[in-house]
Amino acid sequence: MSEFEPSILCFACNWCSYAAADIAGTSRIHYPPNVRLLRVMCSGMVDAEYVMKALEAGFDGVMVAGCHIGDCHYISGNIKAQEMVTRLKKLLHILGLEDERLMLKWIATSEGPIFAETIKEYVEQLKKLGPSPFRKELVT
Amino acid sequence: MSDAVLVIGGGIAGIQASLDLADMGKHVYLVEKSPSIGGRMAQLDKTFPTNDCSICILAPKMADCYDHSNTTILTYSEVKEITGSAGDFTVTVLKKARYVDAKKCTGCGECTEKCPAKAPDLFNMGLGTRKAAYLYFLQAVPRVALIDQEYCIRMTKGLTKDGKPRCGVCKDVCQAGAIDFDQQDEEITLNVGAIIIATGFDPYDPTSLTEYGYRRYKNVVTAMEYERLICASGPTGGHLKRLSADDRDPKTIAFIQCVGSRDLHHNKYCASVCCMHSTKEAILANEHDPEIHSYIFYIDIRASGKGFQDYVARAKKEYNVTYIRSRVAEIAQDAGENPVIWYEDTNSRQVKSMTVDLVVLATCMVPRTDAVGLAAITHTALDEYKFFQTSPLAPVDTTIPGIFACGYCQGPMDIPESVAQASAAAARAAEIVS
Amino acid sequence: MQALTPYKDAIDIVKEAGGEAFEQCYQCGLCSGTCPWNLVTSFIVRRLIHQAQLGLVDFEDDDLWLCATCGACVARCPRGVEIIDIMRAMRNVVAEVGAAKVPDSLRITAKNIASAGNPQGEAREIRGNWAEESKVKTFTEGTELLYFSCCVPAYDPKVRRIAQATAGILNKAGVDFGILGAKESCCGESIRKAGNESIFQSLANSNIQAFTESGVSKVLVSSPHCYHTFKNEYPALGGNFEVVHTAQYLLELIRDQKLKLTKELNKKVAYQDPCYLGRHNGIYDEPREVLRSIPGLELIELPDSREESICCGGGGGRIWIETKKGERFSDLRLEQAIEAGAEILAVACPYCMLNFDDSVLTMDKGEIIEIRDISELVWGAI
Amino acid sequence: MGGNITAEALDRDERRIGVYICHCGLNIADTVDVEAVANYAGTLNSVAVARDYRFMCSDPGQDLIKNDIKELNLNRVVVASCSPRMHEPTFRKACEAASLNPYLFEMANIREDCSWVHDDREVATQKAKALVRAAVARVYYNDPLEIKEIPFNPDTLVVGGGIAGIQAALEIADSEHKVYLVERDPSIGGHMIQLDKTFPTLDCSQCILTPKMAAVGAHPYIELLSYSEVEEVSGFVGAFKVKVRKKARYVDEDKCTGCGLCQEKCPWTADSEYDVGLSKRKAIYTPFAQAIPNVPVIDRDSCAYFLKGKCRACEKFCETGAIDFEQVDQFIELEVGAIILATGYDAFDPSTISQYGYGIYDNVITGLQFERLSAATGPTGGEIRLKDGRKPESVAIIHCVGSRDQNYHEYCSRVCCMYGLKVAHIVKDKTNADVYEMYIDMRCFGEGYEEFYKRVSEEGVNFIRGKVAKVTDKAVSEEEEGKLVVICEDTLLGSIIRVPVDMVVLCIALEARSDAEEVARKFIISRRADGFFLERHVKLDPVATPSDGVLIAGCCQGPKDIPDTVVQASAAAARVLAMISKGRVTLEASVSHVNEDLCIGCGRCEELCEFHAPKVGIYEKPMPVSRVNEALCKGCGACAVACPTGAISIKHFKPEQILAMVDALAET
Amino acid sequence: MSLEDIIQETKTFYCLDCGKCTGLCPVSRYNPAYSPRVMLENALFGFQDDLTYNHDLFSCLTCYACSSKCPGDVDYPLFIQKARALALDAGQHGDCAHSGTVQSLARLMSNPGVSQNRLEWLSDGLRISTQSDTMFFVGCAPYFEHIFDFDSGAIDAVKASLKILNHCGIEPVVLPNERCCGHDMLWTGDVETFRRLAEHNAAIIKEAGVKKIIFSCPEGYRTFKEDYPKYVDIDCELQHISEFLADRIAENGLDFSEVKRKVTYHDPCRLGRHLGIYEQPRKVIAALPGIELVEMEHNKEESLCCGTSAFVNCDSCSKQIRVDRLLEAKATGADTLITSCPKCQIHFRCAMTNKGEEKGPDVEIEVMDLVNLVANALGDGHNE
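Here the protein sequences come in this chain order: A, B, C, D and E. Quick note on numbering: the first sequence equals residues 20 to 159 in the working numbering. Quick note on numbering: the second sequence equals residues 4 to 437 in the working numbering. Quick note on numbering: the third sequence equals residues 6 to 387 in the working numbering. Quick note on numbering: the fourth sequence equals residues 33 to 700 in the working numbering. Quick note on numbering: the fifth sequence equals residues 82 to 465 in the working numbering.
Certain hints may be false.
Stated by the list, open to error - Here are the computed lysine-lysine pairs in the DSS-like style, where the Cα-Cα straight-line distance is at most 30 Å: (1) B:271 <-> E:436; (2) E:436 <-> D:273; (3) E:381 <-> B:271.
Hints were generated in silico from the structure; no laboratory data involved.
Could you put together the complete structure from these sequences and hints?
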């Protein structure tokens, strides 16, 4: 079977990270296709339910991307995302999942290249980590 | 062969059977456990559907039965043993000592007034009290007093310090000199050709239905207790009032049907008479105080007898009675000791709560507790509910030829059916002894 | 003066030596204006920093050794620049990188400390001798408190009275304490500010080892310099002990009624805030409260007191360098005290005592004013 | 049919989705096999039609959608093309044009997220299919949303009667819209009225300000509420409700003719705030002559009647009987559409820097106090006098007092250099004394500022670069006897210098109002670290705040000079006029919504919402539940995450929609 | 399993349609749209859609208040459990509270590849071993610590239980990779996941070779005792810790230190009506010196449910149930409400966390697990 290709779901906040992805697009910066973007209005909108559902659905990595602290269009949305991710990581740790399965990253609008770079690094990291125990083929 | 007949149980069924047989010239021995014949019906105030005063229609029969030449009434007695077979039964009966000479006692009641000792009045369902020396109830037949050895001071407290027997007030006041402390239980053997069992029923104790709060809440009473409350000869002289300390007159009463009946946890069968006696009690309440509004919580109104359906219709129309199709779920109590009923009104599909002044539980009716003993003595079989086993085409025959059962001890039925069955049993018995 | 070009290597050397704070300085000159040296001579701190910024430091310049690390400039610097660190870094470049010659007196003192563990160069063994008369036991495992007297009171007979008074008080109050004697060495605070970082490291490690081996958890010090280095500089090397200065501890004893001050001292007393107790560590009120609790004592405030107190000139290794007559801060301070009508000048630091005693002699003010350590005054009042 | 059947079951009506794959010329087509994606889309659940077209955003492209909606009665549309940040509005309008609710529409970004960033055609097509599948899965659960609009109340509230407030009020009122101007002090004028001259033109400050103040006083469209404060603000942009406390003046405004007799007769005095304590004013006073409104106020703290219950002299002498000791604070309810905060700044209290001797030496004064000395209306009638009346022979002006200093304010107060120069010029002009200016940097950046600096230096002012360390009266030489000695290092000379002078003027910093925290909370805006109000964007949106409808202008947003303040005031006014002319406010459609059956009233949403939209209270049901003020909600979704029972959800971002996308994206 | 099979298995045909269940049902009292009688009516009439698509199918608390008094002895909660399985097939599920975290964790845990770090809470004072033949079933407490934004007290109860067992000389086996017992999955209809969890647990228990399992969580206890036998076989003696304590107190008694406290006891549905354990907890409380037990109006068999079950359909009505139950507890004058179920404790503590301005009725009362009360009385209060 060809080399393991991790699948990543990225919740991108409309005002910063999704805009950064757009800029990465307009400046034609290529990055691995493993990531699939899901646009939300604010990183604070990402509920633990969505991340758990993504893990259940077999994604190897979930990324929550928001604005830098202080830049949030809704003042403190990113802080709330940080709290949610910290708490959820503790749960996933008890469950036995590696810490890298869930990643929180601040990406400002202008940081298109950084967005692409982050995706590249994350794919490499997950390749080293191996498939998620809940990956579709393994479960059934 | 003996042409006499033993009738066990002096309720309406027993009385009717005795009269029929007596009128046929047969000699009847009527054995009644309690100090007087009359049975459950004597405890009722009125009877449905005619609202006749229960004791008014019962007293003449009691009198005829007692005075009939062919009848020997053994009250305050119990059947101990029965041997033999159809046509020739030997029956041993224990006649408990009344400590009163039946012949001398005029029933004047002097001793009952002066007697200092008090005891719970079971005739009034324990609502009031009576004395140790007492008449079972006003219209008791035979109208002979008796002394309750468990409560009489003389018999319970033993001798005084200087060796003299205590009290003895009743003896002093009895002009007829009827008091005889040395009376002993008597064992009488009878020889009869046929036996009719008419032991009737006990009301089911609803305490085990904890959700209804019987005993926990004062203003939750059973139907029989209600009958005594509403009855003129009852503990309150017929003045219907609440049992809580404020003893206010109730303006709203809730009658709850199928308490302990049609219930796999308690009694599976339907007691058949509760729907009607609750309706009667609701009507009585309204007659007693027109402001009273009654609510009857039912699953099905079983008004199947003659005139029953119009009786229910009249209750709705004239006597301020509302019928709510719902089995009450739970009874709580608010601060004023008013019962709060929680129920789902299955017609409107809504869960509601209703606060009323008084709750009457139409409890199930079960065979007498000592029916089992009697069945053992008579070797007759009982069905799963402890009723005497009969079969549809021989509704009054028990499993033992020559022994018949009629009335509630054989199955749930109302007074008319009991009377009809009593006559049937009398006829069946007559065949054997004639 | 031919043109100068910024010298990158010099900038880096000073930075590596711990002086990188100079980058934040925007040359406003407030430090120069505030420095007490400018009351007696001219010492442009700003220029030294600017030279460091451009790598044009003249390492031969004696001005490098003027700074008494009193902290007045640091407290007021609008950019919060750690000017003392810059000075220490430049001195380090001279002392350990060899960019120039270290002043002789300092060089000798550094050699003494390196070899004998005390600036006086006395034998290590006799460090505990001062304590014989006061019957002080050596510190053993489980003793509640270590008393670290500082080298000056231990070896210098003129200042021994501080340690003896303190020991006397502790005995009177029934405190379970001891000293480590020969195992102790100089706390290293001043020698570090004089640029000898390596000597400081070895002193600190040996002290920490000695303390931990003996199971020390709480240290009582007489010198604010020891207090400063134990509290703020030793933790980085793994030495975490509870440190308390005599002024604080005496107040504790008085408050817990373990000390009863009965004898009256009807004198006007002024208190000189030592830079390393006051400005560096924010302890102003405890010493004053101790003095006020001595019956009859009338406490008067000097001008420029508390945060604005003027240094006695002893910090940063200056105690071991001769200060020209007429340029001694302790003289100015003594005059201020006399002018304020003080009969006693209370001090809380052995360096202050040395300087002020010196000033009393050189200015011949012996009859008008005396110099007393706080512990002496308390000892006298029991 | 009993119980409440889930909505999903009821409206399992036909979903008819139209999917349109855009080529975007070659931008998408050359990396993604658009036909394959279109065919694939056709196979998806409830997709009625799937097409691909070269330019979906073009008019023919949009017509394609409009016709399909009409002919094939589509009730949902998905366009796979560029980023929604680009053309979502365009396609939404297209749907609306075909009378399909704009929120029944989704976009799949197969350009920036796919074709432009990947090169392998097969993988890109695979990913494009996934993105389309996700968009279709999401649109299935989209609900039609109603875009609400509320009327915009044309009245405006301006808080603060300084030059900023006055300018903003005038500009709005001049376009015939009602303005309520609330000013805390007895008269408008703010700090500017206290100034003598303004730099760089040296115009007499009062001459250019009083006409504007008069205009405000007389303007038919401006209702001036002086000596009043805002107590409480509620509501939202377009419909604010403001409660204003009109403090009791104890003088009846209608009867008072402003004759000033009461001020003459009143025997009790107190420090004049207007003259910054340099002179006294009476207990009953108007702050300055040209006060608007020209109605005096009785100061309770210095009026004998209020303190000791006697005197009432003013009442006796007042011919019109305007004095009324029984007056009480009144409360007025205002309804306005927008609010402009122009609350200005506080002057830094230099006494905290003990080394400068303010409050210790008589002749150390602040810049503001100098303004009063040099002003004709000032206590000395415009003459520069020392405390003992002598003319100063030498004056030192110290810059950056409390500014650019980590221990006080790290920021530069922007105006002190210029008013330092102005003070220098006035001193030279009026007393010809020696003037020394101690500065770190001369920041004369504005128009005509550098020229003014050149002119003042030509007038013989000495400039010494160095931050002053100490001002002392302890003389070291004869010249210093009886003088104030300013000690500092002249960093250009590289030596400490001691400048003996008669008077020292401190250029004190401008700092945020002491009650800024409380005001910020009232108007639901936040503050920067330095205490000034936080603007929406420092560069692109300086006069707006994160709370819609609340604008800020002038020094309350940060220290600035009068020209900048006036510019900001006009900007704020313009923003308000724009909103007024639009006449209505479109509310955010995808806002939070509470299902009150699910809500357990735990208040977690209320506690964390930055915009105070959800509020737990007792409404119809006996138990408290949360309810959202849709006008305040920004739709950020934080409350939905915190809600334990999922009672609160964001329209257009419901959990089902997002979970559907997650599942669709997961399928390989 | 079709609707008819369900009706047969749960004896629904005995229903007299008398409405007593609806009258007793705590949910119906506040949610007019929900009526157990109507649910059965729909089933009996064959209206399957009205049953499976009914939102309130998931509002039933499965607390057995109705069945325990049902004249027709219909096993209504079992009917609901089966009906929910049908609903799941039709794609319907209840509103999962707390972002469905508990449900997601259970599904994730049912995956064979999972190896958990679930014993990090184990502090040194507590001793466990691998040889003992008694096992202590921890359950989901380690996860609960990080799901709620208030102190769930779940792990404290587990620690207290271990302290009690250690005190009684037992160093129980605690399995490091123990799975969720599957209670919530079974009761919300996800039989498939439940079966996988049961199989995992059965395998590792068999491998551990224990003979007795002690539970502190009644839901785990009931699932192992009543539901597991239908899917897997676990030949171990099962005991709730209150039963263990009651026996131990009866045998040789335990020495407790005196703690003055007035308490009232809330019977968890799973322990009470499901398994009939009412007396043991009360015997344990009675054995604690200084503790005065005051019974609430609704106690033992009549005890009211704590308002939420399996973290599904928690809504305003479940809040009302909890508020009334807390008010009833406060009315007894007790200063602590004792229960022996971690979930009741969580739901009560959640009801007391009101962060908005409007707090609603004052329901503030200390809630404590029975095992904590006992552990505190065993000397050096472990978590006082």
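Handout entry: Numbers of the earlier hints that this structure fails to satisfy, in rising order
Key = 1
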